[in-house]
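**Student:** Now for the letters of each chain:
2 protein chains.
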Amino acid sequence: MAFDVPPGYRALKEADIPAYLAGIPTVAARLGGRAAEWKIREVGDGNLNFIFVAEGPTGGIVLKQALPYLRLVGESWPLPLRRAFFEHQALVTQARVVPQHVPEVFHFDDTLALTVMAYLSPHIILRKGLIRGIVYPRLADHMATFMAETLFSTSDLGQPAAAKKKQMAVFCDNIELCRITEDLVFTDPWRVADGNRWTSPQLDATAVAVRTDGPWKRAAQEFKLKFLGEAQALIHGDLHSGSIMVTADETRAIDPEFAFYGPIGFDVGALIGNLYLAYFSQSGHEATPGDRDGYRNWILQTIEAVWTLFDQRFRALWTKAHAGDTFMPALFAAGPEQAAFTSAQEAYMRRLFVDSLGFGGCKMTRRILGLAHVEDMESIADPDRRAACETRALRLARALMVDGAGFTDIKAVNDTARAVQREPAKVPA
Amino acid sequence: MAFDVPPGYRALKEADIPAYLAGIPTVAARLGGRAAEWKIREVGDGNLNFIFVAEGPTGGIVLKQALPYLRLVGESWPLPLRRAFFEHQALVTQARVVPQHVPEVFHFDDTLALTVMAYLSPHIILRKGLIRGIVYPRLADHMATFMAETLFSTSDLGQPAAAKKKQMAVFCDNIELCRITEDLVFTDPWRVADGNRWTSPQLDATAVAVRTDGPWKRAAQEFKLKFLGEAQALIHGDLHSGSIMVTADETRAIDPEFAFYGPIGFDVGALIGNLYLAYFSQSGHEATPGDRDGYRNWILQTIEAVWTLFDQRFRALWTKAHAGDTFMPALFAAGPEQAAFTSAQEAYMRRLFVDSLGFGGCKMTRRILGLAHVEDMESIADPDRRAACETRALRLARALMVDGAGFTDIKAVNDTARAVQREPAKVPA
Chain A
11 MAFDVPPGYR ALKEADIPAY LAGIPTVAAR LGGRAAEWKI REVGDGNLNF
61 IFVAEGPTGG IVLKQALPYL RLVGESWPLP LRRAFFEHQA LVTQARVVPQ
111 HVPEVFHFDD TLALTVMAYL SPHIILRKGL IRGIVYPRLA DHMATFMAET
161 LFSTSDLGQP AAAKKKQMAV FCDNIELCRI TEDLVFTDPW RVADGNRWTS
211 PQLDATAVAV RTDGPWKRAA QEFKLKFLGE AQALIHGDLH SGSIMVTADE
261 TRAIDPEFAF YGPIGFDVGA LIGNLYLAYF SQSGHEATPG DRDGYRNWIL
311 QTIEAVWTLF DQRFRALWTK AHAGDTFMPA LFAAGPEQAA FTSAQEAYMR
361 RLFVDSLGFG GCKMTRRILG LAHVEDMESI ADPDRRAACE TRALRLARAL
411 MVDGAGFTDI KAVNDTARAV QREPAKVPA
Chain B
11 MAFDVPPGYR ALKEADIPAY LAGIPTVAAR LGGRAAEWKI REVGDGNLNF
61 IFVAEGPTGG IVLKQALPYL RLVGESWPLP LRRAFFEHQA LVTQARVVPQ
111 HVPEVFHFDD TLALTVMAYL SPHIILRKGL IRGIVYPRLA DHMATFMAET
161 LFSTSDLGQP AAAKKKQMAV FCDNIELCRI TEDLVFTDPW RVADGNRWTS
211 PQLDATAVAV RTDGPWKRAA QEFKLKFLGE AQALIHGDLH SGSIMVTADE
261 TRAIDPEFAF YGPIGFDVGA LIGNLYLAYF SQSGHEATPG DRDGYRNWIL
311 QTIEAVWTLF DQRFRALWTK AHAGDTFMPA LFAAGPEQAA FTSAQEAYMR
361 RLFVDSLGFG GCKMTRRILG LAHVEDMESI ADPDRRAACE TRALRLARAL
411 MVDGAGFTDI KAVNDTARAV QREPAKVPA
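Those sequence lines, one after another, are chains A and B.
First residue of the first sequence: 11, per the numbering used here; consecutive thereafter.
First residue of the second sequence: 11, per the numbering used here; consecutive thereafter.
Check each hint, because a few of them may be wrong.
Covered stretches of chain B (chain A as the covering partner; in silico rule of three or more C-beta atoms under 8 angstroms from a C-beta of chain A) [to be verified]:
# : stretch
1 : 182-188
2 : 192-204
3 : 225-236
4 : 316-322
5 : 348-356
One-sided excerpt, in silico: chain A residues whose CB lies under 10 angstroms from chain B [to be verified]:
#  : residue
6  : 108
7  : 175
8  : 176
9  : 182
10 : 183
11 : 184
12 : 200
13 : 204
14 : 205
15 : 208
16 : 223
17 : 226
18 : 227
19 : 344
20 : 353
21 : 358
No lab work stands behind these hints, which were simulated from the structure alone.
Each residue gets a CB set at the ideal place from its N, CA and C atoms; glycine is no exception.
Only chain A is shown next, with the shape it has when bound in the complex (with noise of 0.2 angstroms):
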C-alpha cells in the first residue's frame, strides 16, 4: 500500500471482526453469547470508510474503519487516517452536552483508525426519509438542540479561551478533510474542475452561467474565508440529512470526522441547505402533481423550527450556561447595559442567520454543480424532472449566497423557497 499508514495499521476484513470485537470486554457483552454467533455486514455507502454491524444475541454495534483514501474516488485520492481521532475527539466533546443526540461510544483504536459505536436502530438516514416522505416531528426540537448545544459549549461564549485554544491547536492538524470541503463546497461549482457534473445537457447552460456570476462568486470565496479564518466553535462539518440518523422518537448526528474550530453558520447552513434541497426534490417523487404538497409544507415548518428553536436555545444558553471570556453576563448586570447586552444578542445572532443561509446556499450549490451529489436528486430518474428541481434549488442557493443579508427572518427565506417552487423551471439566461 503507498498510503501513509501508521505502524500495524491493515483494513479489517468481514473475517476479522469476530476474533477482534471479542477482545475488547465491554463490546463483547454488550453482543452477548459467542463470538461465532455474532453476524457481520459490511453496510458502508459513504465516501470515506468501511462500516460493518455486528449483531449478537444481545445487541449490535458498528464498527467503523478509516481507508486511507476516499473510498468514492478510489485510491488516487488518499485521505489520512488521523481522520478517525478527528472524528471520535469530536464525538466526545458532543457527547459531553447531548449524549442523546450522538451515537454511544464504546472503544477507539488509533492505530486501526476504528471506533466502535452504537448500532442505531430502527434508525435511518434522515436523507432516506426525507425521500421516502416521512415526517419526522421531532426532528427539528432535536437538531435545534443538537446544535444550540455543541456550538455554543465550544465557542467563545460557551469555554474560556484557554480550553478553546488547546483544543483548536488538536483540530487545526485535520488539515486535509478541511480541504475537501474548501475545494469542493467553495470552490469547484465556480470553476472548471475535474470531478465536477450537473444533469447534462439541461443544466450545462447553467453550469457555464454560474462559473462566470461575478458576484455569486464573491459570495462563494466570502463564505470560504470565514470558513478557512473564523474559528467560532468546534463545528460537526458535514452536517447534512446523510449525517443524521432517525427514528420518529430519536435523532442523533453521526460522521463528525470533519470537525474543527470554523464558522458556526457552516453546521446551521448545511443542515438548512440539505432541507431545501429535499423541498425543491419532491416534486422529482410525486407520482402526480401535488402529491406531496403537505410534505413540502413541512420541510418549511421544519426548517422555521430549527432557526428558530437554534436562536432561542443559543441565546438562553447565553444567559444560563455561559462560561466564556468574552460578554459576561455579570458584565452587563445594569439596566441600560442590559439593552446593551440584548442588542448584542441580536446583533450576533443576525449575523449567524444570514452565515447559515450563505453556507445552506454554498452546500446546496455544490450538490447541483460539484463532485458528490445527493439522493434526493440523484433518485430522480427523469433527467428533466430532476433538472426542473434543481434550478430551482440554485435559485434559491444564489439568494441565499448572495441576498442572505436582505432576508428579514426565517420566513422570509421559505417564502421565497414558496416562491421559487410555483415558477416554472426554465434553464436561466
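Let chain A serve as the given structure and place chain B on it in line with the hints.
**Tutor:** Relative to chain A, chain B alone:
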C-alpha cells in the same frame, strides 16, 4: 523558584553574559576581540524580560531573556517562559518578508528562553521620540510596509490553508500572553479590577461612567470576541509605539511575544491608537500653547499615511502576491467578475478599517483607565493637564469603538480628532 521552568533554565546575571556569548561563534565574531573586553549592561525597561546589551570592539548585540513572571507586577504574576519561543517564531516569520523592519536574530536558546539579536543603535523607542516631538519622515511608509507584508503573507490570502493551520496550531499554545491582552485591553477598563488606575481624582467620575456605559462596554466585548475568534493572520499582538525602534531612516518592530493568529485590525489599531494617544498628549508637553501645533499635524499626517499606504500595499499584495486558498485572482479573470473581485476587496479593506479603529480605541482606553499606562501621558507632571489630555483621548477612543462604522475614511477620523482637541476637556458628566 516556584515557577514552572524547564530543567536547565536559570536567569543570567550580568557577570554570566560574556561567557555565554563567547560560546556562540557567530555572536563572538560580531562583537570582536576577547570576551573580557565586552561591555555588558542591563537596559530592560519593559514589563516582561531582562534585556542586556553587549558591545565589543567591532559590534553590539542584545540578549533578551524571559523571566518566569511579569516584571512589572512581580513574582505574584507568573508568566510562561515559552513566550520567548513564540517571539522567536514570530521574528523568523516576519523576517521572511520584511527583514529590514525587524531585528536580526543571531541565536535562540529554548532552554534559557533567550534570544540574541542585533543591537539597534542609534535607534530609540518610537514612543520616546513622539514625546520629544521628533519627526520621523519614513515611519508611516515603513510601518505600512511592515504591517501589509507580515499580515498579508500570513493571512488566508497570502498562504495556503495547510501552512496556516500548521503554524496556527503552534501559536494556539500562546495562551497566557493572549490572556493578558484579553483581560487588560478588553475587559478590565470596563469593570472594577485590581490594578486599574487613572489620574485621580480628576478622572474618578469618568472611570465610573465608563464602567456603566452599555454601548461602550458592548463594543469592547465585541472586539474581544473578534480577538478570541478571528484567526485572520499571524499578528504581532503588541504593536504600540513602545514596540517600535526608530531613527530618521530606519524602523524596526520588536517584541512580538504576544503573537498569535488573530485579527489584522488589532495590529493596525495598536499603532494608530498609540499615535492618537501621542497626539492628545502633545498639549501636555507644550511649554506654551501652540508649541506643538506643527508636530500634532505631523502625527495626524502620519496616521493618515499609515492607513492609506497599508491599504494600498495590502491590496497590491492581494493582486500580485496571492498564494492563499480563497479569492484566487484567476477565479475572477473576466471583466464583470473583476468588478466583483474589486468590490470584495473594497468590502474586506473596509472591515479591516473599522476593526482597526475599534481595536485602536480599546488600546487607548486601557492605557488611561487600566493597569499599564503610557509614558506619553504619564510624563505630564501636572495632573490637571494630564487629565485634560486623557479625557480627549477617551472621547476619541469611545467614538472609534462605538461609532467606527460611521467614519467614511481616515481623514474623517483625523477631523474628529482635531475637533476633540479643540474642545474644552471637561470631565464627561
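**Student:** Can the hint on residue 223/A be confirmed by a CB-to-CB distance to chain B that is less than 10 angstroms?
**Tutor:** 8 angstroms, holds
**Student:** Test coverage of the stretch 182-188 of chain B by chain A using CB-CB distances below 8 angstroms; three residues minimum.
**Tutor:** holds (count 4)
**Student:** For the stretch 225-236 of chain B, count the residues whose Cβ lies under 8 angstroms from any Cβ of chain A; is that count three or more?
**Tutor:** Three-residue rule met by the stretch 225-236 of chain B, so holds; n is 7.
**Student:** Would the hint on residue 227/A be counted as holding, given a Cβ-Cβ threshold of 10 angstroms to chain B?
**Tutor:** 6 angstroms, holds
**Student:** For the restraint on residue 183/A, tell me whether the closest CB of chain B is nearer than 10 angstroms.
**Tutor:** With Cβ-Cβ at 6 angstroms, under 10 angstroms, it holds.
**Student:** Please verify that hint: residue 176/A, Cβ, nearest Cβ of chain B, below 10 angstroms or not.
**Tutor:** Check passed: Cβ of residue 176/A comes within 7 angstroms of chain B, closer than 10 angstroms.
**Student:** Take the stretch 348-356 of chain B, compare each residue's beta carbon with every beta carbon of chain A, and decide whether three or more fall closer than 8 angstroms.
**Tutor:** holds (count 6)
**Student:** May I ask you to test the interface hint for residue 205/A with respect to chain B, counting a Cβ-Cβ separation under 10 angstroms as satisfied?
**Tutor:** Since the shortest Cβ distance to chain B is 17 angstroms, the answer is violated.
**Student:** Taking beta carbons only, do three or more residues of the stretch 192-204 of chain B come closer than 8 angstroms to chain A?
**Tutor:** With 5 residues closer than 8 angstroms to chain A, the stretch 192-204 of chain B meets the three-residue bar; holds.
**Student:** The hint names residue 182/A as touching chain B; please verify it with the least Cβ-Cβ distance against 10 angstroms.
**Tutor:** 4 angstroms, holds
**Student:** Would you check whether residue 226/A satisfies its interface hint, that is, whether its CB is within less than 10 angstroms of any CB in chain B?
**Tutor:** 8 angstroms, holds
**Student:** Please check whether residue 208/A passes as an interface residue: C-beta within 10 angstroms of a C-beta belonging to chain B.
**Tutor:** Residue 208/A check fails; min Cβ-Cβ to chain B is 19 angstroms, beyond 10 angstroms.
In terms of the numbered hints stated before, the structure departs from hints 4, 6, 13, 14 and 15, listed from lowest to highest.
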